[in-house]
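Asks: Here is how the chains run, residue by residue.
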Amino acid sequence: MTTLTNRPTSRWERFRDSYLLYSFKRDLIAQVSLLVFIVLVAAAVLAPWLAPMDPYDLTQIDILASELPPFWVDGSDPTYLMGTDAQGRDLLSTILYGARVSLIIGFGAVAMQAALGVCFGLLAGYLGGRVDAFLMRLADIQLSFSTLMVAIVVGALFKAIFGGGTFSDYAVPLLVLIIGLAEWPQYARTVRASVLAEKGKEYVDAARVMGLPSRRIMFRHILPNTLSPIFVISTVQVANAIISEAALSFLGLGMPETQPSLGSLIKSGFDYLQSGSWWITLIPGLVLVILVLVINLLGDWLRDVLNPRLYKG
Amino acid sequence: MIAFLIKRLFHALLVMFVISVIAFSIQDNLGDPIQQMVGQSVPESEREVLREELGLNDPFVVQYLRFAGNAAHFDFGYSYIFNEPTTQVIMRHLPATLELVAATTFLIIVLSVPIGVYSAIKPRAWLSRFFMGVSIIGISIPVFLTAIVLIQLFAIGVSWTPFPAGTGWGAWLNDLITTEGGMPAYGRGDPVPVFGTWETNFASLEGLTYLVLPAISLASIMLPLFIRLIRAEMLEVLQSDYVKFARAKGISPRRIYFLHALKNTMLPVITVGGVQIGTLVAYTILTETVFQWPGMGLMFLDAIERSDIPLIVTYLMIVGLIFVITNTLVDLIYGLINPTVKLTGKPA
Amino acid sequence: MSLLDVNHLDVRFALRGGDVRALRDVCFSLDRGERLGIVGESGAGKSVAAFSLLNLIAKPGYIAGGSIRFDDQELIGLSDRKLRKVRGHRMSMIFQDPMMTLNPVLTIGEQMLECLKAHRRISSREARSISLNKLQQVQIPSPEARLDQYPHELSGGMRQRVIIAIALLLDPDIIIADEPTTALDVTIQAEIMALLLELCEKHNVGLILITHDLGVVSQVTQRMLVMYAGRVIEQGPTREIINDPQHPYTQGLINALPQMATPGSRLNQIPGSMPSLSNLPSGCAFHPRCTFVERADGSRRQACHDQVPEFVTSGNCQAACHMVAEMIESERIPAEEQD
Numbered sequence: 018m019t020t021l022t023n024r025p026t027s028r029w030e031r032f033r034d035s036y037l038l039y040s041f042k043r044d045l046i047a048q049v050s051l052l053v054f055i056v057l058v059a060a061a062v063l064a065p066w067l068a069p070m071d072p073y074d075l076t077q078i079d080i081l082a083s084e085l086p087p088f089w090v091d092g093s094d095p096t097y098l099m100g101t102d103a104q105g106r107d108l109l110s111t112i113l114y115g116a117r118v119s120l121i122i123g124f125g126a127v128a129m130q131a132a133l134g135v136c137f138g139l140l141a142g143y144l145g146g147r148v149d150a151f152l153m154r155l156a157d158i159q160l161s162f163s164t165l166m167v168a169i170v171v172g173a174l175f176k177a178i179f180g181g182g183t184f185s186d187y188a189v190p191l192l193v194l195i196i197g198l199a200e201w202p203q204y205a206r207t208v209r210a211s212v213l214a215e216k217g218k219e220y221v222d223a224a225r226v227m228g229l230p231s232r233r234i235m236f237r238h239i240l241p242n243t244l245s246p247i248f249v250i251s252t253v254q255v256a257n258a259i260i261s262e263a264a265l266s267f268l269g270l271g272m273p274e275t276q277p278s279l280g281s282l283i284k285s286g287f288d289y290l291q292s293g294s295w296w297i298t299l300i301p302g303l304v305l306v307i308l309v310l311v312i313n314l315l316g317d318w319l320r321d322v323l324n325p326r327l328y329k330g
Numbered sequence: 015m016i017a018f019l020i021k022r023l024f025h026a027l028l029v030m031f032v033i034s035v036i037a038f039s040i041q042d043n044l045g046d047p048i049q050q051m052v053g054q055s056v057p058e059s060e061r062e063v064l065r066e067e068l069g070l071n072d073p074f075v076v077q078y079l080r081f082a083g084n085a086a087h088f089d090f091g092y093s094y095i096f097n098e099p100t101t102q103v104i105m106r107h108l109p110a111t112l113e114l115v116a117a118t119t120f121l122i123i124v125l126s127v128p129i130g131v132y133s134a135i136k137p138r139a140w141l142s143r144f145f146m147g148v149s150i151i152g153i154s155i156p157v158f159l160t161a162i163v164l165i166q167l168f169a170i171g172v173s174w175t176p177f178p179a180g181t182g183w184g185a186w187l188n189d190l191i192t193t194e195g196g197m198p199a200y201g202r203g204d205p206v207p208v209f210g211t212w213e214t215n216f217a218s219l220e221g222l223t224y225l226v227l228p229a230i231s232l233a234s235i236m237l238p239l240f241i242r243l244i245r246a247e248m249l250e251v252l253q254s255d256y257v258k259f260a261r262a263k264g265i266s267p268r269r270i271y272f273l274h275a276l277k278n279t280m281l282p283v284i285t286v287g288g289v290q291i292g293t294l295v296a297y298t299i300l301t302e303t304v305f306q307w308p309g310m311g312l313m314f315l316d317a318i319e320r321s322d323i324p325l326i327v328t329y330l331m332i333v334g335l336i337f338v339i340t341n342t343l344v345d346l347i348y349g350l351i352n353p354t355v356k357l358t359g360k361p362a
Numbered sequence: 026m027s028l029l030d031v032n033h034l035d036v037r038f039a040l041r042g043g044d045v046r047a048l049r050d051v052c053f054s055l056d057r058g059e060r061l062g063i064v065g066e067s068g069a070g071k072s073v074a075a076f077s078l079l080n081l082i083a084k085p086g087y088i089a090g091g092s093i094r095f096d097d098q099e100l101i102g103l104s105d106r107k108l109r110k111v112r113g114h115r116m117s118m119i120f121q122d123p124m125m126t127l128n129p130v131l132t133i134g135e136q137m138l139e140c141l142k143a144h145r146r147i148s149s150r151e152a153r154s155i156s157l158n159k160l161q162q163v164q165i166p167s168p169e170a171r172l173d174q175y176p177h178e179l180s181g182g183m184r185q186r187v188i189i190a191i192a193l194l195l196d197p198d199i200i201i202a203d204e205p206t207t208a209l210d211v212t213i214q215a216e217i218m219a220l221l222l223e224l225c226e227k228h229n230v231g232l233i234l235i236t237h238d239l240g241v242v243s244q245v246t247q248r249m250l251v252m253y254a255g256r257v258i259e260q261g262p263t264r265e266i267i268n269d270p271q272h273p274y275t276q277g278l279i280n281a282l283p284q285m286a287t288p289g290s291r292l293n294q295i296p297g298s299m300p301s302l303s304n305l306p307s308g309c310a311f312h313p314r315c316t317f318v319e320r321a322d323g324s325r326r327q328a329c330h331d332q333v334p335e336f337v338t339s340g341n342c343q344a345a346c347h348m349v350a351e352m353i354e355s356e357r358i359p360a361e362e363q364d
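Protein chains in written order, with my numbering: chain A, 18 to 330; chain B, 15 to 362; chain C, 26 to 364.
Pulled out of the complex, with its shape left as it was, chain A reads as follows (with noise of 0.2 angstroms):
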């Protein structure tokens, strides 16, 4: 009988038993929002399969089928189901290819990020006095110029140090390092607040009395009690890496045009707006708002669920 209750549950059952599947099995905007969210994270990930062409292959490409509207406007080919862009790509393809390119940036951004604001924040809770004074000053005046303008300018730097050709070439980890220099700010307060709060706890008092080192005590003590915070504002920085990603190739300092990223297809669409050839800019636009939204919306329901010291104001 001891035995039995004693014995260690494991990861699964406590996940099984957890608030957070409690909650999310009431909340139906959570369980579309994460469906929607996997089907097209899956849409993107298997664009190689799944596309009816491939974009950056050029041998593929007909000129001629350029600006065909998608299957429900007069006047559409059936080969090209939501119609084609200026160039002749097939739409469907492009955008599957280019939400495959916004989600990496998007990901590989937020580790980006993470990586640089939760030491900064660490070391700014934890070590406290002019190193905190600095760096969060640093984060203020960055915060302060927007993370956009950071981007932009930073974007703009890159460009002109690296050519546009060579920016061109590398555009992908380019974009992951811009977004995450922008934005590391977010990172570093929330864990600097959280830090802040665990560090006036007995058991960091009993680690430090142990003589353990701080950067054990940082790592292995203070950390994992800021994970919840962390991981809510990762799933809305994920959703703003998107579409800062986005907002950079659509003022042409991202993604270039071969190698598209939802952006740069709005971008390379808003030219034929006026000339009636909506698609071309509003079912990408449209594509990456519901990819945005679904993350946003599983960020709020992480939020109230969760229910972390975010950082305010």
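Treat the hints as calculated values from the structure; they're not laboratory data. Just to be clear, a hint being listed does not mean it is correct.
Claimed, not checked - Within a straight-line C-alpha distance of at most 20 angstroms, the following computed SDA-like cross-link-like pairs (lysine to any residue) qualify:
hint	chain 1	residue 1	chain 2	residue 2
1	B	Lys136	C	Tyr87
2	C	Lys142	B	Phe272
3	C	Lys142	C	Ser154
4	C	Lys227	C	Asp56
5	C	Lys84	B	Gln253
6	C	Lys84	B	Arg268
7	B	Lys21	A	Ala150
Said to hold, decoys possible - Computed spacing ranges between beta-carbons, pair by pair:
hint	chain 1	residue 1	chain 2	residue 2	range
8	C	Ala170	B	Arg269	17 to 27 angstroms
9	C	Ser298	A	Ala223	19 to 29 angstroms
10	A	Leu38	C	Lys107	41 to 51 angstroms
Stated by the list, open to error - Stretch by stretch, here's where chain B covers chain C in the computed footprint (C-beta under 8 angstroms, at least three residues):
hint	stretch
11	108–115
12	127–135
No residue lacks a Cβ here, since even glycine has one placed at the ideal position from N, Cα and C.
Based on these hints, arrange chains B and C on the given structure of chain A.
Replies: Showing chains B and C alone in chain A's frame:
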């Protein structure tokens, strides 16, 4: 009061210092004024003489001090593309951007406060839920996409719908979906000159119509944020003891909501608002691009595309100055509203 | 007819898992100028009782039944507009934490004047002089200057004096004080309590004092109620209850006072803790913690497990306890036999 101002001024100078160092590093590393002045054909030896004359071989600090000294007089050199002093170029584009930001700020204040307060007072009403739903969708739409959709709906117009016009409901839906278009969505029309290079869109009805779509687009990104923020803060304040005490005193609900609660709600909102003004200026780059609004944002993008380093640097410095000034003003307003902040600089 | 008559008051909180009953069957009354103490552990429903008198319970709480008659007027079901004329005017409140009760962004003067103006049509100058007068009554130094100060410029004790002044502004019939001294320094507690008592006596104001401090109750009030898990379990004249508590819970509370313990030995305490309102024990809610469920002869009193006890009268006091009922019963039978 004076101590507070001095403290804020010191902070502002510090920020401007950081910005100017960054701006100068950009200029120092990326701009080559010699190339700009003499072109390719001049031999290296002559370039070197010029360089020495212009002080480009001086140490970094000396060059920075010269840069900062000139910057204090608003002298940032000549723009490559316009061939005139960069500050002149900026001053020509500044009014358009400021008017756009002003119109947007007006929209945000006029809409976010009543909607936010309403949805906090009646959190369960269907209208509040509707506002919350719309606001999360609003947050998820990038500002340039909002702009594009607005252009399609109100400038180009929608003539095609998938519904049969013959049936009653089809015609009804057609009426609902189709729009005339015709709203101006390109540039700022014929603004009325005020003085010098300053022209305004506020002076005529026609000028205002040019502002409508760009201002709505720009507002669309901030409005949901503020509605959610005001609602959240107000909900918290309504739970507080002092609101309960005001009720126990028999004060009318109107006075409780709009004096007791709103005044406390606005304190954090003002702080966030100060930061968001910076974001608003950043987003003008996107809105101005879509609407070809001839402001600083459009000019900045142009400068980036054509590597007009002096113009880029000037833009950064001027925008930095605008941020610093607005943030200081916001702090001042906050201090005036919040009695617990003593403007004398002593800790409260 | 008393000034205030509360009968069978039933307050519930509508929560996701169903209604939680915060107050059940609460009855008491208050005469003009009388001082009543409501005592109990935190969570017993004292504050809910206080707030429900003026229908100030926050959602999801609501009054599910009962009656509150005040000066021949039924308060339950009264429109908010009419209730507002009672709030702050005929019945005013003092809250627990003076640091949180005053609005931080409004001056003391604004917060006093608005209360007067909400109930009387008077000029600002008149309102100001009344406010000044009340601030003098609560012995605030330099009251003139206080009117233009903000709450954060005053200490906790000073703020509570201001709040008492606000409560007295319109010469109410009743003041409801919800733990008015708990948040204050011990040295100031006695001062504030003495001030409140003095002012109530002087102006013949009724006082409903909510507290967990039996010492304060015995000094200030004439009658008291003891609450447990949303019910009144004992009521009567304060002196009699303190000297001779009937209900085992009240006995436990009084025995737990430090002055009741022999010096050097452990303090007495009631075993266990108060049950959650959403999961009350059957029968008498106190029975799992009660040492008298077992009779002196070792047999168990089944009624404690099964039946909610009714009030029985013993002297001037009433207690809701099966054990007390049994004792009264057994005393009465021999008495009848003697006749």
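Asks: Taking the hints in turn, state whether each one holds.
Replies: Hint check results:
| no. | hint | in the structure |
| --- | --- | --- |
| 1 | B:Lys136 to C:Tyr87 | holds (17 angstroms) |
| 2 | C:Lys142 to B:Phe272 | holds (17 angstroms) |
| 3 | C:Lys142 to C:Ser154 | holds (13 angstroms) |
| 4 | C:Lys227 to C:Asp56 | holds (16 angstroms) |
| 5 | C:Lys84 to B:Gln253 | holds (10 angstroms) |
| 6 | C:Lys84 to B:Arg268 | holds (19 angstroms) |
| 7 | B:Lys21 to A:Ala150 | holds (16 angstroms) |
| 8 | C:Ala170 to B:Arg269: 17 to 27 angstroms | holds (25 angstroms) |
| 9 | C:Ser298 to A:Ala223: 19 to 29 angstroms | holds (28 angstroms) |
| 10 | A:Leu38 to C:Lys107: 41 to 51 angstroms | holds (49 angstroms) |
| 11 | 108–115 | holds (count 6) |
| 12 | 127–135 | holds (count 6) |
Hint compliance for this structure: every hint is met.
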